[in-house]
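So the protein lines, in turn, are chains A and B. Letter by letter, the first sequence follows residues 1273 to 1386 of the working numbering. Letter by letter, the second sequence follows residues 70 to 180 of the working numbering.
Don't read these hints as lab results, they were simulated from the structure. Don't take each hint at face value.
[Unchecked claim] Within a straight-line C-alpha distance of at most 16 Å, the following computed EDC-like cross-link-like pairs (lysine to aspartate or glutamate) qualify:
hint: 1; chain 1: A; residue 1: Lys1314; chain 2: B; residue 2: Glu114
hint: 2; chain 1: A; residue 1: Lys1350; chain 2: A; residue 2: Glu1340
hint: 3; chain 1: A; residue 1: Lys1314; chain 2: A; residue 2: Glu1357
hint: 4; chain 1: A; residue 1: Lys1374; chain 2: B; residue 2: Asp100
hint: 5; chain 1: A; residue 1: Lys1350; chain 2: A; residue 2: Asp1335
hint: 6; chain 1: A; residue 1: Lys1374; chain 2: B; residue 2: Asp161
hint: 7; chain 1: A; residue 1: Lys1374; chain 2: A; residue 2: Glu1273
hint: 8; chain 1: A; residue 1: Lys1314; chain 2: A; residue 2: Asp1358
hint: 9; chain 1: A; residue 1: Lys1355; chain 2: A; residue 2: Glu1290
hint: 10; chain 1: A; residue 1: Lys1329; chain 2: A; residue 2: Glu1340
hint: 11; chain 1: B; residue 1: Lys72; chain 2: A; residue 2: Glu1316
hint: 12; chain 1: A; residue 1: Lys1350; chain 2: A; residue 2: Glu1290
hint: 13; chain 1: B; residue 1: Lys72; chain 2: B; residue 2: Asp100
hint: 14; chain 1: A; residue 1: Lys1374; chain 2: B; residue 2: Glu114
Keep in mind the model is a prediction, meaning the values are calculated, not measured.
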Amino acid sequence: EPEVTQTPSHQVTQMGQEVILRCVPISNHLYFYWYRQILGQKVEFLVSFYNNEISEKSEIFDDQFSVERPDGSNFTLKIRSTKLEDSAMYFCASRRTGALEKLFFGSGTQLSVL
Amino acid sequence: DAKTTQPNSMESNEEEPVHLPCNHSTISGTDYIHWYRQLPSQGPEYVIHGLTSNVNNRMASLAIAEDRKSSTLILHRATLRDAAVYYCILRDGSTGNQFYFGTGTSLTVIP
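With the sequences and hints as input, model every part of the structure.
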């Protein structure tokens, strides 16, 4: 079965540094998402993306965050100036067109901000 | 945000059926009931979804109350691989974009 691929699996950075988390969604999917999960907490919605623009974002997704689809296959999440509280597992997800299409999630990138 | 209530944890013996409940008393007419699960150290994965009628697939069954204010995910024979956090999620069938996870039920399967 096709899958969503995320790289790197682990990322360690210093506070204040910029990080880019990368995702390759399933090839015929058009809707893309980022979620995060702080250790021991629930999965939190960050942003959804369709047709080269953000379709919805949560209050967590502030000006420090941005998303981009730089080419036909990658979908990235950038955090401009990381904070300690950005340490979390970040999941990318994608789905086909259709309001009830299921989400396919990647295995996540564990971000550690020191 | 998420509008569902689930028990924090449940236990089941291996090879026995498991019934995971979910309350969603404020469900609207266009909300579909979705279930996802998250195995340890993995991203969430789709399990099943339904609107009004009970649903079956190769992974599980979904029983939906007649008033739709509650539902139950049924694993017919729990295996050790079914140990995961199970999330019950309401998803608007007219837009489909919002997708919020609650705290879920952590299922432990006892050998």
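Query raised in the report: Which hint numbers doesn't this structure obey?
Result: none
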